[in-house]
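Fit chain to chain and form the complex, with the hints in mind.
Going down the list, the protein sequences come from chains A and B.
Letter 200 of the first sequence, counting from 1, is numbered 200 in this note's numbering, and no numbers are missing.
Letter 64 of the second sequence, counting from 1, is numbered 1064 in this note's numbering, and no numbers are missing.
Quick caveat, the hints were computed from the structure, so don't treat them as lab data.
Since the structure is predicted, the reported quantities are computational estimates derived from the model, not experimental observations.
Be aware that one or more of the hints could be misleading.
Said to hold, decoys possible - To list a few chain B residues with every Cβ distance to chain A over 12 Å, as calculated:
(1) 1174
(2) 1221
(3) 1266
(4) 1318
(5) 1345
Unchecked claim - Label pairs and their in silico Cβ distance ranges:
(6) B:1274 / A:24: 29 to 39 Å
(7) A:188 / B:1270: 52 to 62 Å
(8) A:85 / B:1309: 42 to 52 Å
(9) B:1322 / A:169: 33 to 43 Å
(10) B:1263 / A:69: 40 to 50 Å
(11) A:85 / B:1270: 23 to 33 Å
(12) A:196 / B:1278: 23 to 33 Å
Glycine included, every Cβ here is placed at the ideal spot set by N, Cα and C.
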Amino acid sequence: MRVVIAEDAALLREGLIRLLEDRGHRVCAAVADGEALRAAVAEHRPDAAVVDIRMPPTHTDEGLRAALDLRRDHPETGVLILSQYIETRYAARLLEGGAGGVGYLLKERVADVAEFADGLARVAAGGTALDPEVVAQLLRASRRADGLAALTPRERDVLARMAEGRSNAGIAAGLHISGGSVEKHVASIFGKLGLPPSEGDNRRVLAVLRYLRS
Amino acid sequence: MDVTGTATAGAAVRAGIRAAVRAPFASRVPAEVLYAAVAALLGLAVPCAVLGFALALGMVTPGHGENVSIYGLVIAGVVLVLAATRLARGVGAVHRALARRLLGEDVRAPAGPPAAARGGRGAGARGAVTRLVARLVAGLRDGLRDGPGWRAAAYLGLKIPLALVQSYALTCWITGLVNVSYPFWWRLFRNHAPGVRLDPVLVFTTLPVGWFHVATYAGTFAAFAVGAAALLAAPWVTRAAVAIDRPLIRGLLGPGRLAQRVHDLELTRARAVDDSAALLRQVERDLHDGAQMRLAALALHLGLAKEKLGHAAGAPDLAGVRELVDAAHRGAKDALAELRDLARGLHPPALDNGLSDALATLAAGSAIPVELVSDVPVRPSPAIETIAYFCAAELLANAAKHSHADRIAIRATEQDGLLVVTVADDGVGGADPARGSGLRGLAARASMVDGRIDISSPPGGPTRVAVALPLRA
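Bound-form chain B, shown alone (with noise of 0.2 Å):
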């Protein structure tokens, strides 16, 4: 390796460090760890409640001498069907809603539970015994078909373990500071008279070999050492038990993908349609008063002109007409400036030749050089071709505004069936979805077409934006 490299590699690794030490103190922790603490309270208390109520119900019942009755677990389990999908509806939404809360995880509802059936009419203590049966039925059925219902119940029994997991990552914290704690109050309660020989004390870990003895002050420092081991490694374990629920959470307490995909589709389409309206008001707005008002501009002018030329009988005031054809003619030339904007604002005459030839086009103009690399063996469809492009056009007017960047590289590619379209600039970064609605128009754009944004812009740069789409739309 050579110097250059091992300096590198040295800064890695102090980064690493750097990232390691900070990580039990990042923003984002206290939400994680208050989440692993009542997700893994919840996830284990309904499950213990669950079998705490069915063994109750077989003990109470009356059956054949033996402690818990048959009958009675029979029965806890009806009731249980009965309830289950309710009841894990209900705990699923608390855990939504906490996921929403403290990871900002913002999964929506999944959709409400068929709706219950009516039993028949009767007549009289038969009938009641009928309609009573029917209900039951009836609401047997609807449980076992409430999909979203059973989703919760399976996310409710998946939680078991993660609980348990969870709870570990909380251990970690708490054996980590009791740890750490050691030699802060050793020396308060162990300042025996010497000669007096007091029982080690026991220090957990919350690793497999378990504990060990701490007997002198010394000894201490080894409890400390073990805690802030603890302390270090509990941001991550919290994290990877959050990162666990995470998926659960999104597949199983969510509305199903179908659902969602429903729920997707009516957002896009809702944001096209809007899309367009808005589009045709702007044009209608550029038209209004940039080119008409140009050429009504003109229009006056060259009336102006004619009166002047066609009044006087003798000579006309030829000074004054070359200043209104002059204008005129001024004028024209704007209208036509404008006009040919307009036109190539909603649709670039080169996108006919192709994305790449387009995309020369557009590079070519701009300020800051551009290096430009197009490789697309296939050939989008047209909508394709022409999101990739104003998301290009965009991303780079973006570059040129805010970046202050040298160089832009703009790459059009074809990775796995996907047109990929990545501009990359090496200027100040910081670029950020949530500020810039510029950003967010592109996303949106992508969105229409299951196509997605991929943004890196740390402060200080530099900026790199991939864009995904789809070949065909």
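Looking at chain A on its own, in the form it has when it is part of the complex (with noise of 0.2 Å):
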């Protein structure tokens, strides 16, 4: 896989760079702010994008407002933001074009290194991955919980995993539980609020989320 990691933290940086080769990644080029990783996504076109939010000059968004751009510019590269922290509002505008290849995680999560690969690799791939605490945000934030309130604690578990962007496969390994009883319980969940079934992990991710939102 090939990856351009944007982060201006000299020493995270480092360590990103680190983990992605340690794994055989390839990283084309590591920068320090949003216009550097514009012209370096267009120059090598990588697989995906490791982007921090707040990045030089304003210290604000930049990170997310390149991310957006290289998102309409050349969606065939997966964007995985890093940040320390989670912003609903950041979370729903990555995911409106509705086209996957995404990412949302807290900057902690690079910790559990096989996860956060994990996670890089899918969103490559064109699917998702949302930190727990984006989900767990966005599940407080819904406004339809009469429709949540059906389901059972095990349904709602797998429901986050699924919003996460996990496979029926990753949810049955996280949950110590059967693939035909995650395939079982989405069935579930996907009749209680609603949603039509639908192939691929990541069209079910923005149908969930989706739901979420409205």
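Next up, the structure:
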């Protein structure tokens, strides 16, 4: 996998390069601001970009703005946003296009190296990787709590992991249940929320998120 | 007196003479002279105009055969009371503008006059008369209630004698210049044939002795001397005449003490709110870019190390793991140091034991030797101690950065119910609150609790900054 990294803190940037190279990925470029990120992606056309939200010069949301531009200009490049905070508004803007290939994780998730790498791989493949924190906030913020109230606790767990962007197999491994029962839960969730079942992780997640946001 | 004492006294006298000779050429003199001229003119013209108006109205109004009619004067009185506050406000505004432009005395305008009461509606001619009377009464009432207007009127009254003083200052300049010119034109106009006697020329002085006569060229030098003396005295007279005016303008043409106080409190409150918001933003930024980032990197390094330990079923890559754990260890220590600095920046722990301890800690950490004297018998409230501490810390940092001093002295004492913290150094001086934001920030911080800062830092040094704060916030 070919990756571009945009992160202004040198310590973390080096750490990310090391993490990715240890796992056999190629880091084409590691930059420290939004402009350089746009240029690097245009030049290298990587499979994925790992982007910090707060970067120079304003230290507000230039990473996010660059990420939105990348989604529009280079849809084949997956964008994984890293941030020390979760802003539901940012997540919503990222997911607005509905095309997948986006992720939004807390920075501390890089500590779980394997999971982080999996998430990045999903994003590069056009799937999603949403932080459990994002999902939890979206669930809390959902105005259709009546629909959610009908879910059993187990179904809620499954829904949350679905929203993070995991496959049925991933959900089964995470919850220590069989793939068959995951499929049953998913079907039941879709039924209770009135969502048509569809192919692929990504559409599934987006359907869930659209439902949560509506 | 010993020799060095004589030398010092001599130097002081020389410095005094230098100051006196330079005074007429000081840069602020033209502005002060211009102010005295315009203010004196205005100060005399307005009362003359008022008096003239009253007399004129008295003369044109029919009376009982006297030159000046009583009715006319009464009517003039009523008209003046109606117009006095408005007139005084207008003229006061001109004085304020003059003082701002020429003296740098920035006095805010007082609140506007009380809203004019509207007369009740009536019908027909009788209604119109009633309305007029009601308007008149309301106008009188509003005029009488207009505090700032009357204060401005009081200013105009006090201005009459003051205008005379300012006129006197102007005559010092004028007679001085004229008298100094005598020796220069004497030969041009007095080149008469021998034996012809001309009348002596009058020389006015600004002194009570009045004038004297000059009949010879040699005599013109007496006029020159008198003129030069007047020119040397003129800037001081001008300054004195203007100096009397300043507090009057502030006190009588400003918004009044209570309104000014409210205004000041509003300003300092807004500043306090902005300050705390800015501080929180800064803390968030420091945490985000500092400790949080370091801890994230630390977690990443540990995660990588864990991977290396867990992956290979056989021999783990110990060298790689050691390197990663090293990096993590370093990161943890850096994060701790950063958090400690951040916490200390928010509230120095030494302050819990009182200002003296905190200042001692501060002094001990200074690169330039600090001599600390702390004598505060009554402990100030925590907020005051905190402000005093941060002022001292900022001043110490300033001294270390800019002063090139060899020694710094910090004194914390109680004087007349105030906590006074003085930071003095023997450095190069030239600290200017207009340029550095640091000193301005200190002044803003002190003003939040009605404290003040006195800065003395002539070019060449030494610098001495005194922060005076009330003991209780």
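Comparing the hints with the structure gives:
1. No Cβ of chain A comes within 12 Å of the Cβ of residue 1174 of chain B; the nearest lies about 61 Å off, and the non-interface call holds.
2. With a minimum CB-CB distance of about 72 Å to chain A, residue 1221 of chain B clears the 12 Å threshold, and the non-interface call stands.
3. Against chain A, the non-interface label of residue 1266 of chain B holds: every CB pair exceeds 12 Å, the least being about 30 Å.
4. No Cβ of chain A approaches the Cβ of residue 1318 of chain B within 12 Å, the least distance being about 15 Å, so the stated non-interface status holds.
5. Listed as outside the interface, residue 1345 of chain B is consistent with that label: its C-beta sits roughly 19 Å from the nearest C-beta of chain A, beyond the 12 Å cut-off.
6. Between residue 1274 of chain B and residue 24 of chain A the C-beta distance comes to about 52 Å, which lies outside the given range of 29 to 39 Å.
7. Distance hint check: the CB atoms of residue 188 of chain A and residue 1270 of chain B are about 57 Å apart, consistent with the given range 52 to 62 Å.
8. At roughly 31 Å, the beta carbons of residue 85 of chain A and residue 1309 of chain B sit outside the given window of 42 to 52 Å.
9. Separated by about 36 Å at the C-beta atoms, residue 1322 of chain B and residue 169 of chain A satisfy the suggested range of 33 to 43 Å.
10. Between residue 1263 of chain B and residue 69 of chain A the beta carbon distance is about 48 Å. The supplied range of 40 to 50 Å therefore holds.
11. At about 29 Å, the CB distance of residue 85 of chain A to residue 1270 of chain B agrees with the hint of 23 to 33 Å.
12. Taken as a hint, the range 23 to 33 Å is violated for the pair residue 196 of chain A and residue 1278 of chain B, whose Cβ atoms sit roughly 52 Å apart.
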